[in-house]
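**Student:** Letter by letter, the chains look like this.
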Amino acid sequence: MLARLFAPPSEARLLGDERLRGPTAWVVAIMSFSIMVIAAAGLALTNTAGTLSQTIEARYSVEVPAGGNVAAVVSAIRSAPGATDVQAIPEAEMRRTLERWLGSEAQSGELPVPALVNFDLKQGADLSDVQRRVRSASPEAKITTHQEAVAPLLRSLRLLQWVAFGLVLLLSAAASAAVVLAARGALDTHRFTIEVMHGIGATDLQVTRLFQRKIAIDAFIGSLAGAAAAALVLLMLTAGAAFAGELTGGATLSGFDFLFLAMLPIALTVLATWVARTAVLAALRKAL
Amino acid sequence: MARRVSLSLQAAGQGEGSKLSQVAEFDSVGLRYGTGAEVLRDLDFRLANGGFYFLTGPSGAGKTSLLKLLYLAQRPTRGRIRLFGEELTDAPRESLPQFRRRIGVVFQDFRLVRHLSAFDNVALPLRIAGATDEQVEGPVREMLAWVGLADRASARPPTLSGGEQQRVAIARAVINRPDLLVADEPTGNVDAAMAQRLLHLFSALNRQGTTVVVATHDVGLISATPGAKLIRLEGGSVADPTGTLRNPPRPLGSDG
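In the order they appear, the protein sequences are chains H and X. Start counting the first sequence at 329; every next residue gets the next number (the numbering used here). Start counting the second sequence at 162; every next residue gets the next number (the numbering used here).
So that you can see chain H by itself, here it is in the shape it has in the complex (with noise of 0.2 Å):
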């Protein structure tokens, strides 16, 4: 593989030694970086959601209006099968919320405020059984999903998973333009080599060779650095996404997160080489 990868030493001087002056590996770079940054983002938010879909997705809420018999509720929900984690919010959490869009008019006795009581519900516990053990108990209560509340959250995280996987590959596309765009430059500052190159006989797959090598070798060194750097920036990141990992239940990346993040600079450089091979190619059987 390596071998394949580092030309022979006299097959390396037919191009000179311009690796790194030219602009191939500076926008591999920036395009690793910026690659790595937003997939990172794109898995962490994918967690997030999957997180927060399977937290919320169990969670349950039922509102007594005031005066109902909340105590009366609460041993209902226990008694059903398959009902966890059963709390009633106190009156004075729920005024203490409250204050935040009333002021102190919420701590008024005028104010009648309903009473919450969460459960969580197993998988394949019957919602309609609860259902019928808490009307029997207060029939004025009412049962909410909590994934109805956050189906707009959900939605635009994931509307953003996407965004972020376009990105990606739009980040790709214009990596692959400028290798492109580098192939044919490294073309005409050579065509005298090529020239000469091939009226003595080489073919196109030797000429291609020398360009194609010189290429992976600048795009892998431009991966590397990109990833090294994006590396930094989400280690810099962490403390942020300790704080929010907190409010997701901890989602933040997995190992197989990091471990596909690991592999975006070798499948860079897989395809800045497969362009530039391409890209030549194409350019070289326009000539005799």
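Read the hints as simulated data drawn from the structure, not as lab findings. Every residue gets a Cβ at the ideal spot worked out from N, C-alpha and C, and that includes glycine. The reader is advised that the hints may include incorrect statements.
Among chain H residues calculated to face chain X with C-beta under 7 Å, some are [as the list claims (entries may be wrong)]:
id, residue
1, S338
2, G344
3, T521
4, V524
5, I528
6, G529
7, A530
8, T531
Using the hints, position chain X against chain H.
**Tutor:** Chain X alone, transformed into the frame defined by chain H:
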């Protein structure tokens, strides 16, 4: 300077080429660039295997264009060209490199790769043919010594004189022992003494079986080569009043 050497590396198809009676056959060949007028027209001639030819004619007669057809840098716009017994007029471009490897070309402007040393320039045809660095070392040193540049192996073309560059170009053209050597005004940039030395080199190669075609204005060069045939181009056509270029006499016992 022109001491004889026996090169160990054989060009691809060398043996096959040496059996042919004719290296090149041009039948009603015409060439035009783009939509312009024909620069070459109705070329009908044969180059005998092992022959020595001078291509002459006034400036603009089409000598360089004819050489380009010979060394496969250009396709004819009409007519047929056979090289080494193969019809190459419409041959797919992927097949051309194997024929180009059997042709050595000395360009008027040398066409040396500036950032490569004299050694690497001479070694280029061998490396393209797939020789390893170890296989290249001996023949290239030998060839550089043959052209009197053994001590200039690591020098790059811009640091060489015109004559030295010319000799590097010749060494590169003949390192593969080509079946056909094509030289475009090889004495145009050198003094009379150097021209004579180059002619000795070409004659030595010709004696070893290489067909030589030299485009030149140098009458002294032509007269100093007894036995060489003259191809005169005038206005894009070959002047062949006796027809010997179109139908060359075959040696007795020839089966080609």
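**Student:** Measuring from the C-beta of H/G529 to each C-beta in chain X, is the shortest one below 7 Å?
**Tutor:** holds, 4 Å
**Student:** Holds or violated: the hint that H/S338 contacts chain X, with Cβ atoms closer than 7 Å.
**Tutor:** holds, 6 Å
**Student:** When the nearest CB of chain X is found for H/I528, is that gap smaller than 7 Å?
**Tutor:** holds, 5 Å
**Student:** Do the numbers back the hint for H/T531, that is, is its least Cβ distance to chain X under 7 Å?
**Tutor:** holds, 5 Å
**Student:** Grab the minimum C-beta distance from H/V524 to chain X and call the hint holds if it beats 7 Å, violated otherwise.
**Tutor:** Where the cut-off is 7 Å and the nearest Cβ of chain X is about 5 Å from H/V524, the hint holds.
**Student:** Hint validation: H/A530 versus chain X, beta carbon distance must be below 7 Å. Holds or violated?
**Tutor:** Since chain X brings a Cβ to about 5 Å from H/A530, closer than 7 Å, the hint holds.
**Student:** For the restraint on H/T521, tell me whether the closest CB of chain X is nearer than 7 Å.
**Tutor:** Hint holds; H/T521 Cβ to chain X Cβ min 5 Å, cut 7 Å.
**Student:** Classify the hint on H/G344 as holds or violated, based on whether any CB of chain X lies nearer than 7 Å to its CB.
**Tutor:** holds, 5 Å
Violated hints are absent here; each numbered hint is respected by the structure.
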